[in-house]
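Undergrad: Sequence:
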Amino acid sequence: MSMPLDDMDAGGVAAHRAVSGITQTLDTVFLQLLKQGLEHFMPPAQVELLTPVAYTDELVVTGQDSPPGVIEFDWLGYQYRVSRPDGFTGAQIRMVKSIGRVLSIRYRLAFHPVLAAESGHLFRGLPEDRYVSAFLDSSAYRDLEQAAGTPDRIAGAIEVLRLSALTTDENRRISTGVILFGSQPDACHELPSLPDGALRYTSDLTSTRSFYRLSDGLKTVALVNQEGLLVELVDVEEWARPFRDFELPAPVAARYEFHSRATLCGGHICMILTAYGEIKVFAGGAQVFTFRGGTWHFANTAECYRLWNEAIPNESTAQRLFAVALNLAEDRRGALFVVLDDATAVHQLISAEDLLRTDPSHGDASLVKRRFHYLLRDQDALRLSSSVLESVARIDGAIVLDLDGNLLSFGAILQNSIAGASVPGEGSRTAAAVAASHFGAVLKVSEDGMVSYFRNGQCLWEL
Numbered sequence: 250m251s252m253p254l255d256d257m258d259a260g261g262v263a264a265h266r267a268v269s270g271i272t273q274t275l276d277t278v279f280l281q282l283l284k285q286g287l288e289h290f291m292p293p294a295q296v297e298l299l300t301p302v303a304y305t306d307e308l309v310v311t312g313q314d315s316p317p318g319v320i321e322f323d324w325l326g327y328q329y330r331v332s333r334p335d336g337f338t339g340a341q342i343r344m345v346k347s348i349g350r351v352l353s354i355r356y357r358l359a360f361h362p363v364l365a366a367e368s369g370h371l372f373r374g375l376p377e378d379r380y381v382s383a384f385l386d387s388s389a390y391r392d393l394e395q396a397a398g399t400p401d402r403i404a405g406a407i408e409v410l411r412l413s414a415l416t417t418d419e420n421r422r423i424s425t426g427v428i429l430f431g432s433q434p435d436a437c438h439e440l441p442s443l444p445d446g447a448l449r450y451t452s453d454l455t456s457t458r459s460f461y462r463l464s465d466g467l468k469t470v471a472l473v474n475q476e477g478l479l480v481e482l483v484d485v486e487e488w489a490r491p492f493r494d495f496e497l498p499a500p501v502a503a504r505y506e507f508h509s510r511a512t513l514c515g516g517h518i519c520m521i522l523t524a525y526g527e528i529k530v531f532a533g534g535a536q537v538f539t540f541r542g543g544t545w546h547f548a549n550t551a552e553c554y555r556l557w558n559e560a561i562p563n564e565s566t567a568q569r570l571f572a573v574a575l576n577l578a579e580d581r582r583g584a585l586f587v588v589l590d591d592a593t594a595v596h597q598l599i600s601a602e603d604l605l606r607t608d609p610s611h612g613d614a615s616l617v618k619r620r621f622h623y624l625l626r627d628q629d630a631l632r633l634s635s636s637v638l639e640s641v642a643r644i645d646g647a648i649v650l651d652l653d654g655n656l657l658s659f660g661a662i663l664q665n666s667i668a669g670a671s672v673p674g675e676g677s678r679t680a681a682a683v684a685a686s687h688f689g690a691v692l693k694v695s696e697d698g699m700v701s702y703f704r705n706g707q708c709l710w711e712l
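Here the numbering used here = 1-based position in the sequence shown + 249.
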């Protein structure tokens with residue numbers, strides 16, 4: 250005789266699973282979902298099923314003494330191991346727990362048919378949307394009854410933006426955005442009182458064309474309360490003004506500075522749909538996720554910037570180059586920045602005629618290529634304004650600098666046959682980035698909006 254899940258202790262649940270005819274199939278399905286979720290957000294993660302352990306319906310990370318690049322956890326009566334060659338950041342470990350939290354709720358619903366019948370909203374949209382939601386705010390997935398009875402406002406907002414991305418307004422792609430009011434203290438903002446007739450911020454709104462003209466995502470966004478109701482329209486710059494003097498966790502593209510600052514306090518979450526059809530998610534003062542090309546990308550800009558900054562002793566130079574690269578990516582402009590560990594290695598990487606400090610009177614053959622060098626000779630990344638640096642970076646070739654940010658060359662054609670830099674199936678900019686990364690730190694900006702960091706022949710991250 251079965252009993253309600255809420256009336257069972259751990260042993261009772263385990264016994265219930267043991268006599269259930271669907272247990273083996275269900276376990277197999279959820280293991281596959283777990284693997285897919287981990288591989289989606291943390292490629293190339295590998296998931297192994299180890300030995301049976303005491304049953305727990307919450308994912309519990311164990312193995313504090315595990316080797317680098319390994320996470321071990323218990324879940325649903327088994328021990329698992331996840332390994333990743335590049336290791337795991339704190340945010341990635343949090344993502345592992347978030348995936349487990351969502352799947353645990355769904356698994357438990359299989360043994361609670363009454364609640365399962367009321368929980369259709371938990372299975373709407375992509376599973377990855379739920380993992381993103383649990384990462385941003387785990388409260389919606391801590392309790393079975395709460396999860397079943399309360400719509401997930403974050404996943405609901407993602408669905409709004411995703412459907413909006415499929416729509417055009419007067420032959421223009423939609424851009425829009427929303428701030429989800431947080432549950433943490435914020436001395437600078439008070440939640441507006443609930444207006445009469447307030448609508449729930451769900452996909453139903455997308456059936457009304459005028460909805461898309463209420464906010465453009467860049468200057469104005471919708472404000473949604475903790476219950477998921479649309480309560481106000483706000484100017485992003487005004488909302489972020491109290492935090493204008495706060496330090497951000499990482500540089501950000503100029504057009505999204507206010508979106509980042511808007512989430513510095515209070516636990517607020519900002520999500521926008523860009524005119525390129527991307528969904529960008531900001532929390533804690535930084536961009537944390539991007540939905541691009543039908544896939545979620547774990548855009549942990551704070552961690553990416555930390556790795557980049559470790560390679561550049563001059564933090565001001567690191568900030569300037571990182572921000573310029575993000576701006577170029579938003580404009581869909583390709584570029585390549587190379588910061589050499591040893592400036593003398595520049596002669597191994599580019600030809601003499603591309604060097605800014607070459608004697609300008611050296612022969613007529615190379616004069617045409619060097620005729621504009623005088624404009625940037627003896628300049629550095631900080632003395633040049635960001636807009637000028639962005640313009641120069643758009644010239645075909647690479648910008649090459651030393652560790653102090655001094656410009657050694659711009660528009661340089663790199664020798665990409667060094668150190669086994671051949672990258673089958675990749676473009677010339679990637680091949681050049683791989684080659685140059687044997688001599689220093691490299692930021693590659695792609696015309697599809699991606700920024701990648703290369704070091705020692707390896708791509709360490711992509712944004």
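Bear in mind the hints are in silico, worked out from the structure with no lab data behind them.
From a predicted model like this one, the values you see are computed outputs, not experimental measurements.
Idealized CB from N, CA, C, for every residue including glycine.
Don't take each hint at face value.
Straight-line Cα separation of at most 20 Å, SDA-like style, residue types lysine to any residue; simulated pairs [what the hints assert, rightly or not]: (1) LYS468 <-> ASP445; (2) LYS346 <-> ARG422; (3) LYS346 <-> LEU412; (4) LYS284 <-> ARG422; (5) LYS468 <-> LEU443; (6) LYS468 <-> SER432; (7) LYS468 <-> ASP453; (8) LYS346 <-> SER332; (9) LYS284 <-> THR338; (10) LYS284 <-> VAL296; (11) LYS284 <-> GLY318; (12) LYS468 <-> GLN433; (13) LYS468 <-> PRO434; (14) LYS468 <-> VAL480; (15) LYS346 <-> ALA366; (16) LYS346 <-> THR417; (17) LYS284 <-> GLU377; (18) LYS468 <-> ALA524; (19) LYS468 <-> ARG490; (20) LYS346 <-> VAL319; (21) LYS284 <-> TRP545; (22) LYS468 <-> GLN395; (23) LYS346 <-> CYS437; (24) LYS468 <-> GLU579; (25) LYS468 <-> PHE372; (26) LYS468 <-> GLY446; (27) LYS346 <-> GLN285; (28) LYS284 <-> THR305; (29) LYS284 <-> GLY326.
Estimated spans, in silico, between C-beta atoms of each pair [stated by the list, open to error]: (30) ASP580 <-> GLU486: 31 to 41 Å; (31) GLY542 <-> LEU624: 14 to 24 Å; (32) ASP580 <-> GLU297: 35 to 45 Å; (33) PRO334 <-> GLU559: 27 to 37 Å.
Undergrad: Could you work out which of the previously given hints the structure breaks and list their numbers from low to high?
TA: 1, 2, 3, 4, 5, 6, 7, 12, 13, 15, 16, 22, 23, 25, 26, 30, 31 and 33
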